[in-house]
Amino acid sequence: MSEEPHNLTPDEKLEMLLSRRPDGDLDEREARELDERLAADGELRAEAGRYERLTRALQEIAAEDLAGVDYDAQRADILAVLERQALMRGGARRRVALRPVFRITAGLAAAAAVAVFAVSAWWMFRRVDRPVEGAATARVLPANAPPAEQVEVSVVARRLDWREAGLAGAQRQAAARQPNRPPAGTVLVSIGSEDAAPRPAAGAEAMFLEF
Amino acid sequence: MSAITARKARTRLDGSDAELVRQTLRGALHAFDELVRRYQRQATAVAYGLLSNRDDAMEVVQDAFFKSYDKLGTLSKPERFGPWLLRIVSNLSLNRRRSRALRKAESLDFGDPADGERSAARPDPHAIRPEQAAGAAELKTILRREIDALPAKQRQALVLFSIEKLPQAEVAELLDCSVEAVKWHVFTARKKLKDKLKDQL
Chain W
1 MSEEPHNLTP DEKLEMLLSR RPDGDLDERE ARELDERLAA DGELRAEAGR YERLTRALQE
61 IAAEDLAGVD YDAQRADILA VLERQALMRG GARRRVALRP VFRITAGLAA AAAVAVFAVS
121 AWWMFRRVDR PVEGAATARV LPANAPPAEQ VEVSVVARRL DWREAGLAGA QRQAAARQPN
181 RPPAGTVLVS IGSEDAAPRP AAGAEAMFLE F
Chain R
212 MSAITARKAR TRLDGSDAEL VRQTLRGALH AFDELVRRYQ RQATAVAYGL LSNRDDAMEV
272 VQDAFFKSYD KLGTLSKPER FGPWLLRIVS NLSLNRRRSR ALRKAESLDF GDPADGERSA
332 ARPDPHAIRP EQAAGAAELK TILRREIDAL PAKQRQALVL FSIEKLPQAE VAELLDCSVE
392 AVKWHVFTAR KKLKDKLKDQ L
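Residue numbers (the numbering used here), protein chains in the order written: chain W, 1 to 211; chain R, 212 to 412.
Think of the hints as simulated: they come from the structure by calculation, not from any bench.
Misleading hints may appear alongside valid ones.
[Said to hold, decoys possible] Mimicking DSSO-like on lysine-lysine, the simulated pairs with C-alpha atoms at most 27 Å apart in a straight line are:
1) R:Lys-364 / W:Lys-13
2) R:Lys-394 / R:Lys-376
3) R:Lys-405 / W:Lys-13
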């Protein structure tokens, strides 16, 4: 007999009917036709009897072999282990069920906390000294350079604040002396801070960045 | 627990499998306890049918419940907890059989030759003892041995359908095959058993 399903031979079909009969699995027509054949064939009746006894024995051995199982103890063991696991996980599977009003409150509180954090982070971040990155290139002009309509400037400095972005005192004076000063409104930026930048030597031409 | 709370808890535990699964996922261990109560007998019978060893069956059932508890969140149809659990039991039982067979093979290959003599002296649990050599007892002893010797699919189909009386469609789902294939496997298994036990039936 093949181990895999295949088209049954007439004998196999008949035997399958015999094997299904104890399950009450036959439809009306199958049961009637089989009963007719059983009535006429003693050997077939013996075969049907074997299947019935086999089916009964299958039921009985399962019931007998498991008759002494203590299912309550089995369940208690399973639950005890799961409870221990839950404790060890810190009740990770447990969730707190909140009423709707508490859910809204908890949501608002969470949103407020996020907002406070974001503002604090922004405030702290803007105070951090950081390079200012310009997208353009810098052009260093000599003090007597003719005014240009536009100059691309990029300033990269470790420290850049209002003092440093303005002119150092000595440079401001030098700029005022320039015969061809840039037109009013032009922003001149010197690199370096008022305190830290080396002051131009007397007579030296100051270097300006012109915006 | 007050009487009212206890009554409420009882009412909830009368719910469907799906409801119990949902409660378990919310952390209610008592809901899972109810699922264990509902399915432990069937799970044990299936494991025993596939393993023919009560201790192994009990261990497999425990493991299956632990696994199902851990994976409960992945169960897409909570109302199908029962078949899902039995599939886990069935798979774990087959794994256990494989590892058991492997251990047996290893002990045969590398064991102390004296073990063979000792085991020859030890009674084989499947061997027919003289006091059993009559009637129903003999039939059942041989039946256990022959069920154990069936190919996996036939044994599973036989246990789930003929012994545990699961619907064929459910067995087909568990075995990942068609209903026709289930019918075939059950028939083949029964025919083999009937032929082996011809003298006792």
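Hints versus structure:
1. Between the alpha carbons of Lys-364 (chain R) and Lys-13 (chain W) the distance comes to roughly 21 Å, so the proposed pair stays at or under 27 Å and holds.
2. Under the criterion of a C-alpha separation no larger than 27 Å, the hint pairing Lys-394 (chain R) with Lys-376 (chain R) is consistent with the structure, at around 13 Å.
3. For the proposed pair Lys-405 (chain R) and Lys-13 (chain W), the alpha carbon gap of about 16 Å is at most 27 Å, so the pair holds.
Taken one by one, the earlier hints all hold for this structure without exception.
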